[in-house]
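Novice: Below, each chain spelled out in residue letters.
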Amino acid sequence: MADLVSHPDEVRVVSKRFGKGATNIDRYLELDGYKAVQKALGMQPDVIVNEVKNSGLRGRGGAGFNTGMKWSFVPKQSAKPKYVLCNGDESEPGTCKDRLIFEHDPHAVIEGVMIAGFAVGSTTGYIYIRGEYRYLLEIMQKAIADAYSRGFLGKNIFGSGRDFNIYWHGGAGAYEVGEESALMESLEGKRGIPRIRPPFPAVVGLWGGPTVINNAETLASVPHIILGGADWYASLGPPKNGGTRLFCLSGHVERPGVYELPMGYNLKQMIYEVGGGIPNGRKLKAVVPGGSSTPLLTPEEIDVAMDFDSLTKVGSMLGSGGVVVLDETTCMVKFALRIMKFYRHESCGWCIPCREGTDWLEKTLSRFHAGGGLKKDIDNIQYLSENMLGRTFCPLGDAAAMPTISIVKKFRKEFEDHLEGRPCPFEEQGKIEQLPVMAD
Amino acid sequence: MTFSDQFEQRFAEMLTHYPTKRSVLVPTLLYAQDEVGYLSEEVIEEIAQRLDLTELEVRNVISYYSMLTTKPRGKYNVQVCTNIACLLRGGEELLEHCETKLGIGHKGTTADGLFSLEEVECIGACSWAPAAQVNYDFHENMTVDKLDRVLDEYKKRPHSRDF
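Quick note, the sequences are listed as chains Z and U, same order. Heads up: the first sequence begins at 1 in our numbering, then just goes up one per residue. Heads up: the second sequence begins at 1 in our numbering, then just goes up one per residue.
Chain Z with its partners taken away, still in its complex shape (with noise of 0.2 Å):
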């Protein structure tokens, strides 16, 4: 459905089966498909987690964790039941590329939860994915039952003695759900609340029991791993930063579209080379990094390897890949308003700043676009969102603050251009025009 780009300097490690017909198992299989697997089968545990571990490979999802030293938090023994969930309900802002992952190859995620659920001595995973991508899920299905008819799950796995099933379940709409513990409140039929930690979800996590949670993107490279070896793989980036990443470019650019890059690609590079560039002969304004929730950067400071340890160097953070770019026209107290918007939706209510701080700051930053703000409010905006840092049960409030507190301090001077009954100096150059699009 969604178009695939390729650029010369891409990586293509998650996705190389992306465009040649995958889903179907006959050519996933001629594609290398399920060996990754057998050879994890013949694999101690630890040997699996270790491999994982000096890879580098740290969760695609936003957070960053090392993923092999995730799994190795799972204890050996445990008298409940022990889970893989593979974490498919992809909805931060800005980022699109699980949705090629479970388009184009699904059997590379099942294969992730496999070997996954091989390392920590599990026998059963879920694959959650979120309520909008309907065609996905249908696709998964299907990819499930294959995998099962040729013997691949179920009993006695590629004749190996060992068991392993794999369920499909579908979300119904909701983006906290992405928080790995409001996820595991989800798919037991309940409202996505997250859950008080610790204990975290790799001691007591699904139904109590031991639960590894990864991103689809992290599972889709953990095959890949298993088969070209912790060193390639680790190779491909920079120091603690292994692998690839697919970067999803969107927002004011000539070439938007999902890019496998080597972690530590340029970002300066990405948005002109790769990317093409600003449309219309505009200038750049400033860059969201990795997803809506991530604090922006200006074109000064877009010099920057994309990994995390060095995002996290400039102030911001890599993120879920989700890169969206803002030319010149963009007014960033609108944008400022339209992710707080997003955020006051989705927060589940439960922490106080976070419901009552997302919903003052909508308040606030729409009566300022509109031309109502006051001075003070420029500051009010910035106190109350470095309120809500880091006093919430989970990541949504910080979420929240993090880009709101990047805007008002980088970009103050738009702030102040508002005050006083001005109307949006943005808006009088009349409506965002219709950028020229990739494909009808």
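Each hint should be verified, as a subset may be incorrect.
To be verified - Here are a few chain U residues that face chain Z, going by a calculated C-beta distance under 10 Å:
(1) Ala12
(2) Leu29
(3) Asn83
(4) Ile84
(5) Ala125
(6) Gln133
(7) Val134
(8) Phe138
(9) Val150
(10) Tyr154
What the hints assert, rightly or not - Non-contacting residues of chain U with respect to chain Z, defined by C-beta distances greater than 12 Å in every case (computed):
(11) Val36
(12) Leu102
(13) Thr109
(14) Ala131
Unchecked claim - PhoX-like, lysine-lysine: derived pairs with alpha carbons at most 20 Å apart:
(15) Lys155/Z x Lys39/Z
(16) Lys142/Z x Lys155/Z
(17) Lys80/Z x Lys21/U
(18) Lys341/Z x Lys21/U
(19) Lys190/Z x Lys283/Z
(20) Lys268/Z x Lys283/Z
(21) Lys190/Z x Lys155/U
(22) Lys35/Z x Lys20/Z
(23) Lys80/Z x Lys35/Z
Don't read these hints as lab results, they were simulated from the structure. Idealized CB from N, CA, C, for every residue including glycine.
Take the given structure of chain Z and dock chain U to it, following the hints.
Specialist: Same frame as chain Z, now just chain U:
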């Protein structure tokens, strides 16, 4: 109340997926809504009974998820994304165009029951923005003209009220 055979098969299959019955609730509600059009009193009662839950527990879950609704809506639910990536490429203009063309606002339904309109949050089409979904179908790289053509195509489909 009765659902389709496909619903029943899927429901029976899902019950085998989990150690608790309740875990089938969220996907089951969405599949039921696909058949009936919305989560009516009758549907809620039926699902609560099947899963040994109170109706209140089921309503509690319904109110959390943005795709679930207890109110009838049009046969074709037009969902226009205006979140950041779509905003930058004309998502708001698309929404305004839909409002004018259909004569309804956010969460409104046309008098003939054919279309509903919704401003939605990110649907995962950022690199193909602006985007909209009509029911579950994605329509990407949209322009006002393309959207007109898409809506006209839905309009031309046979007008039964089966979902």
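Novice: Each hint should be assessed against the structure and marked as holding or not.
Specialist: Hints and how they fare:
1. Ala12: 14 Å, violated
2. Leu29: 6 Å, holds
3. Asn83: 5 Å, holds
4. Ile84: This interface hint holds because 5 Å falls under the 10 Å limit.
5. Ala125: Nearest chain Z Cβ about 6 Å off; hint holds.
6. Gln133: 7 Å, holds
7. Val134: At 12 Å from the nearest chain Z Cβ, Val134/U fails the 10 Å test, so the hint is violated.
8. Phe138: Hint on Phe138/U: holds, closest Cβ of chain Z at ~6 Å, below 10 Å.
9. Val150: 12 Å, violated
10. Tyr154: 17 Å, violated
11. Val36: Val36/U clear of chain Z: closest Cβ-Cβ about 15 Å, beyond 12 Å.
12. Leu102: Non-interface label on Leu102/U holds, nearest chain Z Cβ at 20 Å vs cutoff 12 Å.
13. Thr109: Holds: least Cβ distance 18 Å, greater than 12 Å.
14. Ala131: 9 Å, violated
15. Lys155/Z x Lys39/Z: Distance of about 18 Å is within 20 Å: holds.
16. Lys142/Z x Lys155/Z: 18 Å, holds
17. Lys80/Z x Lys21/U: 18 Å, holds
18. Lys341/Z x Lys21/U: The given pair, whose Cα atoms are some 35 Å apart, is violated under the 20 Å limit.
19. Lys190/Z x Lys283/Z: Given pair Lys190/Z, Lys283/Z is violated - Cα atoms ~47 Å apart, limit 20 Å.
20. Lys268/Z x Lys283/Z: 13 Å, holds
21. Lys190/Z x Lys155/U: Given that 20 Å is the threshold and the Cα spacing comes to 37 Å, the pair is violated.
22. Lys35/Z x Lys20/Z: 18 Å, holds
23. Lys80/Z x Lys35/Z: 30 Å, violated
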